[in-house]
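All chains, please: the whole structure from these sequences, using the hints.
2 protein chains.
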Amino acid sequence: MTLDFKTTIMNEIKIFCPATIANLSCGFDVLGLCLETAGDEMIIRKSDIKGIRITKIVGANLPLETEKNVAGVSALAMLEAIETEFGFEIEIYKNIKAGSGIGSSAASSAGAVFGINELLGRPFTRKELVLFAMQGEKLASGNAHADNVAPALLGGFTLVRSSNPLDIIKIESPSELYATVVHPQIELKTSDARSVLKQTVSLKSAITQWGNVGGLIAGLYTKDYDLIGRSLHDEIVEPLRSVLIPGFDLIKQTALENGALGSGISGSGPSIFALSKGKETADKIAKAMSAVYDEMNLPYEIHVSKVNDEGIKIVSP
Amino acid sequence: MTLDFKTTIMNEIKIFCPATIANLSCGFDVLGLCLETAGDEMIIRKSDIKGIRITKIVGANLPLETEKNVAGVSALAMLEAIETEFGFEIEIYKNIKAGSGIGSSAASSAGAVFGINELLGRPFTRKELVLFAMQGEKLASGNAHADNVAPALLGGFTLVRSSNPLDIIKIESPSELYATVVHPQIELKTSDARSVLKQTVSLKSAITQWGNVGGLIAGLYTKDYDLIGRSLHDEIVEPLRSVLIPGFDLIKQTALENGALGSGISGSGPSIFALSKGKETADKIAKAMSAVYDEMNLPYEIHVSKVNDEGIKIVSP
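Line order of the protein sequences matches chains A and B. FYI, in UniProt numbering the residues of the first sequence are 1 to 317. FYI, in UniProt numbering the residues of the second sequence are 1 to 317.
Think of the hints as simulated: they come from the structure by calculation, not from any bench. Predicted, not measured: the structure shown is a model, and the values here were computed from it. Among these hints, one or two may not hold up.
Note: identical chains are not told apart, hence a pair may lie in one copy or across any two.
As the list claims (entries may be wrong) - Derived lysine-lysine pairs resembling BS3-like cross-links, with alpha carbons at most 27 Å apart:
#, residue 1, residue 2
1, K204, K189
2, K170, K277
3, K127, K279
4, K46, K56
5, K138, K204
Next comes the structure, spelled out in structure tokens:
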């Protein structure tokens, strides 16, 4: 594909790149949702020099070398699929901490390809961009997964029905669904969180899990908050991973006691999420979760956010 | 609960008890659908003699003793939950062969409790009746499962999110969805079909399976026939069970080549189902499946049916 740049006007774009919650209890490796109030910003501008340059990173100690940066790698994958006369400069303003479990690398990977796509006049759909952004995830974790980049790009809930070939279904969020996410300030590497997994599961647990995935998807389409709550269980991964997260059981129990529909590990942790109906309950849960970590003298960050049905947003122009 | 029979008028009811397809490839032990053109008939009438009597069985060699008959056992379970001055006589006209894999025992179990419930003035919802009918399934297979009795009673597609506590979600079928079901005339006992299962599965296959369950549910809600088709895969149970079914691979391949959205084992087999969009394709698949078994000199029965969104139907009065 060749594009004539003389017909495009935009030379620079500033975007908001949202944090995301992957897995969502029963939906290990297939489900994710997009947040509205937590995320990074990126500025991407056209350059006469071909190729991709990361020109600035604020808020995180991440490599500026294009080939070592998830945004750079994703952008390069995209430029392999389309011919341009231009190059692109990328500035990254990180708010999402690396290793937090709310899609830090995904926000940068998805943001880079989203921004470049806008500057190119949208040659690719948001779904098509997922494939490029997955290359950033591959750099970050060794695994080109879409659990976080899909909700970051598409918004709402996303189901990755299949990774190969990639088949992503976007599901709109019920309008009153809120997430509370607490991030205890310890770093848990995706690779460590992966190493505790067992490679086999009992058929019985697997059946329970796919029953719950079905229930969660049905609950989202029918906006049945109770069904969403009843489906938010994970007897396969959570028991293995939760031991790596300080205070997990107490935080989860506290969330449920304060009205959460469900609670579990965000991505591969250490962040813990709770879903609830309405902002009031989500705020109440945030307060109660904070009290638990305050009591433990464990530093944390906490976010309360509506599910973001749009995904990455243009801040300017 | 006590009911006054003098206020009810109906003394006898004739019902159609549909065949059902459980599992539906990815949805092992959780999904099922209800058929419209294949099923039994039952006549249930009030009697001055308390208790349940099976007074007639036509079309099958099944026990008349109440405690040994799935309809009898289901009805007894129901009468334990409600006090009545009357008893009930049950006549069963079987068309669905035992051991066919399209819910023969479920049709009788569900029919018995449905019919009695109607004669009692509907003290129970259809969902509540599922619990009683599951007792018939327990007698038939040793396992009180709801995969067939749920769709027989509720119609459409049903998801058994959880068996304990029972949590069933009914999903309306997309209007053009048809099933073709071929029953090779060999008997395959549920217990034999269960014995080939492995008690553990790989995490990778389990993830694939719950991704497909999610995709199938999403496809049903969005009436996306292609997504339904892409989701109809089973890499866990089908490879183990299909070897028990003569000609399975060829029948499935034939169905797909003739336009089926997907194809797999119905229940625990030996019946093989295919889903398709529109009756024309379903008929074409039936013809092609028939040719395969004709060529193999294997006797078979074949059904083409729209998905029955209503479940058990009253024939008269």
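| At most 27 Å between C-alpha atoms: does K204 with K189 qualify within a copy, between copies, both, or neither? | between (29 Å within a copy, 21 Å between copies)
| query | When no copy is named, should K127 and K279 be tagged within, between, both, or neither for a Cα gap of at most 27 Å? | reply | neither (30 Å within a copy, 33 Å between copies)
| Between copies, within a copy, both or neither: which fits K138 and K204 at Cα up to 27 Å? | Answer is between; shortest inter-copy Cα gap is 18 Å, intra-copy 32 Å.
| Can you tell me if K170 and K277 fall within 27 Å by alpha carbon in one copy, between copies, both or neither? | Result: close both inside a copy and across copies, 20 Å intra and 23 Å inter.
| query | Within a copy, between copies, both or neither: where do K46 and K56 come within 27 Å Cα-Cα? | reply | within (15 Å within a copy, 82 Å between copies)
The structure is inconsistent with hint 3 alone, although it conforms to all the rest.
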